[in-house]
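Undergrad: Could you put the whole structure together from the sequences, leaning on the hints where they help?
Protein chains in written order, with the numbering used here: chain G, 1 to 318; chain E, 1 to 318.
Among the hints, a few may not be true.
Identical copies look the same in the list; a pair holds intra-copy or inter-copy alike.
[Stated by the list, open to error] Derived DSS-like pairs: lysine-lysine, alpha-carbon spacing no greater than 25 Å straight-line: (1) Lys230 x Lys262; (2) Lys79 x Lys37; (3) Lys280 x Lys37; (4) Lys132 x Lys280; (5) Lys230 x Lys132; (6) Lys262 x Lys311; (7) Lys258 x Lys302; (8) Lys302 x Lys80; (9) Lys80 x Lys262; (10) Lys37 x Lys311; (11) Lys280 x Lys162; (12) Lys37 x Lys258; (13) Lys280 x Lys311.
If you are wondering where the hints come from, they were derived from the structure by calculation, not from laboratory data.
Residue strings, one per chain:
2 protein chains.
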Amino acid sequence: MSIPSDPKLLLNEARAGNRAALARLISRIETRNEDTKRIIELLYPLTGRAQVWGITGPPGAGKSTLVDRLIAKLRSEGKKVAVIAVDPSSPFSGGAILGDRIRMQQHFQDEGVYIRSLGTRGRHGGLSHSTKEAVLALDATGFDVVLVETAGVGQTELDILKLAQTVIVVLVPESGDSIQVMKAGLMEISDVFAVNKSDRPEADKLVRELVANVGLNPHDEHSWMIPVCKTEANRDVGVAELLEQIAKHQAYLETSGKKAEKTKAFLREELVDILIEGLKSSLDSVLATDGGRELLDQLYRKEIAPYEAAKILSGRAG
Amino acid sequence: MSIPSDPKLLLNEARAGNRAALARLISRIETRNEDTKRIIELLYPLTGRAQVWGITGPPGAGKSTLVDRLIAKLRSEGKKVAVIAVDPSSPFSGGAILGDRIRMQQHFQDEGVYIRSLGTRGRHGGLSHSTKEAVLALDATGFDVVLVETAGVGQTELDILKLAQTVIVVLVPESGDSIQVMKAGLMEISDVFAVNKSDRPEADKLVRELVANVGLNPHDEHSWMIPVCKTEANRDVGVAELLEQIAKHQAYLETSGKKAEKTKAFLREELVDILIEGLKSSLDSVLATDGGRELLDQLYRKEIAPYEAAKILSGRAG
Numbered sequence: 001m002s003i004p005s006d007p008k009l010l011l012n013e014a015r016a017g018n019r020a021a022l023a024r025l026i027s028r029i030e031t032r033n034e035d036t037k038r039i040i041e042l043l044y045p046l047t048g049r050a051q052v053w054g055i056t057g058p059p060g061a062g063k064s065t066l067v068d069r070l071i072a073k074l075r076s077e078g079k080k081v082a083v084i085a086v087d088p089s090s091p092f093s094g095g096a097i098l099g100d101r102i103r104m105q106q107h108f109q110d111e112g113v114y115i116r117s118l119g120t121r122g123r124h125g126g127l128s129h130s131t132k133e134a135v136l137a138l139d140a141t142g143f144d145v146v147l148v149e150t151a152g153v154g155q156t157e158l159d160i161l162k163l164a165q166t167v168i169v170v171l172v173p174e175s176g177d178s179i180q181v182m183k184a185g186l187m188e189i190s191d192v193f194a195v196n197k198s199d200r201p202e203a204d205k206l207v208r209e210l211v212a213n214v215g216l217n218p219h220d221e222h223s224w225m226i227p228v229c230k231t232e233a234n235r236d237v238g239v240a241e242l243l244e245q246i247a248k249h250q251a252y253l254e255t256s257g258k259k260a261e262k263t264k265a266f267l268r269e270e271l272v273d274i275l276i277e278g279l280k281s282s283l284d285s286v287l288a289t290d291g292g293r294e295l296l297d298q299l300y301r302k303e304i305a306p307y308e309a310a311k312i313l314s315g316r317a318g
Numbered sequence: 001m002s003i004p005s006d007p008k009l010l011l012n013e014a015r016a017g018n019r020a021a022l023a024r025l026i027s028r029i030e031t032r033n034e035d036t037k038r039i040i041e042l043l044y045p046l047t048g049r050a051q052v053w054g055i056t057g058p059p060g061a062g063k064s065t066l067v068d069r070l071i072a073k074l075r076s077e078g079k080k081v082a083v084i085a086v087d088p089s090s091p092f093s094g095g096a097i098l099g100d101r102i103r104m105q106q107h108f109q110d111e112g113v114y115i116r117s118l119g120t121r122g123r124h125g126g127l128s129h130s131t132k133e134a135v136l137a138l139d140a141t142g143f144d145v146v147l148v149e150t151a152g153v154g155q156t157e158l159d160i161l162k163l164a165q166t167v168i169v170v171l172v173p174e175s176g177d178s179i180q181v182m183k184a185g186l187m188e189i190s191d192v193f194a195v196n197k198s199d200r201p202e203a204d205k206l207v208r209e210l211v212a213n214v215g216l217n218p219h220d221e222h223s224w225m226i227p228v229c230k231t232e233a234n235r236d237v238g239v240a241e242l243l244e245q246i247a248k249h250q251a252y253l254e255t256s257g258k259k260a261e262k263t264k265a266f267l268r269e270e271l272v273d274i275l276i277e278g279l280k281s282s283l284d285s286v287l288a289t290d291g292g293r294e295l296l297d298q299l300y301r302k303e304i305a306p307y308e309a310a311k312i313l314s315g316r317a318g
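TA: See the structure below:
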């Protein structure tokens, strides 16, 4: 099967279920040039149908196994599922994550499942602009659920709030102690808790603690009470109940008007990201000129101070 | 002792060794307003004397104990030392890091030591603009060494390259397996390796592997060969040798001209950060107007596409 290079034809192929075309489409979004822009403008009118879920939690919580189980259940309901696995590009956590990716390839033969790893390595870390635009592409190409999985380190699990409509925080009984101090932080991020490996000792203790905290911190006054689900992903226990709670949260978002709010916040981010990307690219150009280099030398020699130099640079970048 | 509020007087007080004034100075840099700008312009001409070291490594490698030991040795040489401990603001790793901070308070009584925790929580994660400008402030107020310690998760240990002249990567024998795949990544970051807890089994194996890889990957052709030091921070073993290697690296930076290169790269980042911060603030204002909200609504209703909307927004943000 040949893959068309014209953006419109490429998008049509991807929408028709050609996964090589979809892979190419996302790669072209990752290149970040004029072509990216053309592709996003083309596919944007087709977005707005997919549910976007985020899954985060500490390393070793069993997120990938849980994602596998969720995929299987969603497929049995006939839903198309895309997974974006965000690799935090940490030199200290690379190994385990690559392993997870390989395991998920069991769905490789299923045309209703698409799994893609995207890195965070970039100027500012966190979820990249490409990741956000890849979600738009997967939405526009007919996936019912787009699942964004992050490794739960650093900035990514905070950024996931900007991307996902429903955030599932996966914990294990052993997380109990280490998260004590930050429980308030987890409450802010989470829409649904999954206590995985819940056959282990201490699981009930963690569940009780979470439930107690949830009672104190509903998301707002009239309001979503964060459910706490017990799962054992490796034995496929509790996964249906977890899906049910996710569905309830999605229904809550619709009826409360919060879905529109979240979409608008996402679009606001997209606008700001586009303009920052443009500014950086324009500054790169100016700083590569003789004048740009001279300005930097003047700053280095302390003949000028940083904010003053930035003002001059800004004038030249137009 | 009263703390003056005038930026010039405040800076003078901080330079005279008044640590409350220094703390206030850095807090005012963290507020990110016109005052921040005034303070940076004032202190910038006084910078350029401090050595800036970065310390990173996986959680549990003993970074804080090692930093303690380095501080003690540097103090015995009469050097003033500042530590910026970067908290990655992860809800999953908060506890341990707070504990480290408390331990470092043993230097609290020593006026030649200043320790400050700064978060990374911000729009884009990674090391914040405030962290970079805090380094300028500590340089300008007379510290001989500014040590930036990061928890080694996510983006921060990549960003540290932009900030530090000499990066020390701390590993422990147990890190051996998990870092296999990413060894090349560690080589790019590290100027000096410290294999800590080196009394443990497998330490020599890790040292041998690192040395073998260092041989294959010198930083450039004529060039710095990354040393691998064995340390036992909790027994104060190997710390003097580590300091010696750091001093050699600093001498190498001076003679090779790489110190100027690194400073210019840091200043380039500072200029770009200043302009991005300005753009964001201006976009926040425009998006809060009726016209801004209407543009976002049009985008939400798909009457306009993202890059087109961004262009209009950019025109209004001037």
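Undergrad: Now, for every hint given, state plainly whether the structure supports it.
TA: Hint check results:
no.	hint	result
1	Lys230 x Lys262	neither (27 Å within a copy, 51 Å between copies)
2	Lys79 x Lys37	neither (29 Å within a copy, 53 Å between copies)
3	Lys280 x Lys37	both (16 Å within a copy, 21 Å between copies)
4	Lys132 x Lys280	both (18 Å within a copy, 18 Å between copies)
5	Lys230 x Lys132	neither (30 Å within a copy, 43 Å between copies)
6	Lys262 x Lys311	between (35 Å within a copy, 22 Å between copies)
7	Lys258 x Lys302	between (51 Å within a copy, 18 Å between copies)
8	Lys302 x Lys80	between (58 Å within a copy, 24 Å between copies)
9	Lys80 x Lys262	within (22 Å within a copy, 49 Å between copies)
10	Lys37 x Lys311	between (28 Å within a copy, 12 Å between copies)
11	Lys280 x Lys162	both (22 Å within a copy, 16 Å between copies)
12	Lys37 x Lys258	neither (28 Å within a copy, 38 Å between copies)
13	Lys280 x Lys311	both (15 Å within a copy, 15 Å between copies)
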